[in-house]
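Student: Every letter in the sequence shown is one number past the one before it in our numbering, and letter 243, counting from 1, is 243.
These are computed hints drawn from the structure, not numbers from a lab.
These figures come from a predicted structure and were not determined experimentally.
Each hint should be verified, as a subset may be incorrect.
List of simulated lysine-lysine pairs, PhoX-like, C-alpha gap at most 25 Å [to be verified]: (1) K317 to K518; (2) K240 to K115; (3) K240 to K272.
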Amino acid sequence: MRDGVRLSANVFRPAGPARRPALLVRTPYGKGDALTPNHRAFAESGYAVVVQDVRGRYASEGVFAPLTQEPRDGDDTLNWIARQPWCDGKIGMMGGSYLGIVQWAAAALNNPHLKAIFPVVSGYDEYRDRYYSPGGAMKLGNRLLWIAENLRAPGYKPPEFSVFVRALPLRKADTAAAGQPVAIFQNALDHPAFDGYWRGISTKERLASIRVPVFSVGGWYDNFVESDLAAFAELRKSSKVHRILIGPWPHNMSLRFDGVDFGPDSLAPIRKLQLEWFDQWLKGRDSPLLSTPPVRVFVMGGNRWRDIDSWPPASAKTKAFYLAGKGTLRDRPAGAGSGPDHYLYDPRDPVPTHGGAVCCNPSVFPWGPKDQRVIERRKDVLVYSTEPLKEDTEVTGPVRLLLYAATTAPDTDFTVKLVDVFPDGMARNLTDGILRLRYARGIEREALNKPGEVRRIEIDGGVTSNVFKKGHRIRIEVSSSNFPRFDRNPNTGRPIASETGFQTAYQTIYHDSRRPSKLLLPVMRD
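With the hints as constraints, model all of the structure from the sequences given.
Tutor: Here it is in structure tokens:
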């Protein structure tokens, strides 16, 4: 690297003296010493394959600083590969999760040797993907679990997941999980809003500078899918070459969900797509990928693939479902006499996370579709449902909840979860979201709430594609916690990182003609 640190890499090359295009994989999880079956397919197709331990991990020198090191180190590695006598100067990058993050970081620098990338389940922004939600709440379970598995002190045996996610104050949670303070976690706590610290390391802020073709892959039950789609939509404004594929998967695409089967067509030939993508941009072979619609999504419920020309789909029409009394969702606003609903949110007893787009060890932190009826029986969860549908209704795109709400606290959270209710009563979660009230006007700066004031707020409920079949119900759950997917709001209004005290908040949800709370769904017209 430019500072003299040496990074360890394995190089696998096809036989013969010819100069070849190269594919780079950069990993913090240990490159090993063998050519994996997946990488072998690329070597046998005429690519040199370079697999590298990132800085400070396994056989590479240096100190691991994941938020800042990857753009520079990726750039230096690309230049090193291009100088080798076995490389023709054309390089692609591939890999998933962190291995995708490093691709975005390198692409933003527009190294002339990087010709295409193929990130899988990676997202593209440190704030919105790995540490906080679009609504400003920390993705606590994801972060602490990753820290416990990757950054713990030598010889330290962490307590159970359910123990260290409850550590207070949050400032000490990394020590509980890893046996030592972790700089990246402490820095994230120092910057709970999307400020200059995050902008300085954000790929999202640099998307306009990315010129290389991007084929990204995500999953509806993956933590990063919303950002995968947002990045694609933004990149398509300047170039039509980019592609994206979203399937009914969690963070690990090879794992199946317990008790849920999306059918034999729910898989995708990722390796074949990678070869076609790199053959197009590194070998100049025309690929059928560029003559097909740029977006391919799996429609759950209908269990089929849909090809569309844009994201969000132009053929999706936003339809409002209004909250009303007796837990109903209606096509029109409730009348003036529709009284509000109430519940108590006690952060000492938060609503537990039950599946969803969490990451990254399902044996510890279960993910995916789960029956939510056990959650819906809680007194601090409001449930609103349509009547049984008279026809199939496909929802494909972003989910939003416009809520008129009041709280007795200076700060609190409001959550939403979209659920598909089957005729037998089974309630399958699709997507969810959260808004930290101090960020109701944006994640760039916080502003505390005036207790008792009725606020009109918008909750980003994530993205999905699902057919609510005839006879099913569309349902949402409204509450104030989803823990430990998101950290608990103590309701005090004080800085959350150092808070050790909790107070109960009395929440009020309005749904009358003057304050028409509503769910906004993108319903496909075809």
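Student: With reference to the structure, classify each hint as holding or not holding.
Tutor: How the hints compare with the structure:
A threshold of 25 Å between alpha carbons decides the hint, and for K317 with K518 the separation of about 15 Å falls inside it, so the pair holds. For the hint linking K240 to K115, the alpha-carbon distance of about 15 Å falls within 25 Å, and the restraint holds. At most 25 Å may separate the alpha-carbon atoms for a hinted pair to count; K240 and K272 meet this at roughly 21 Å.
The structure agrees with every numbered hint stated previously.
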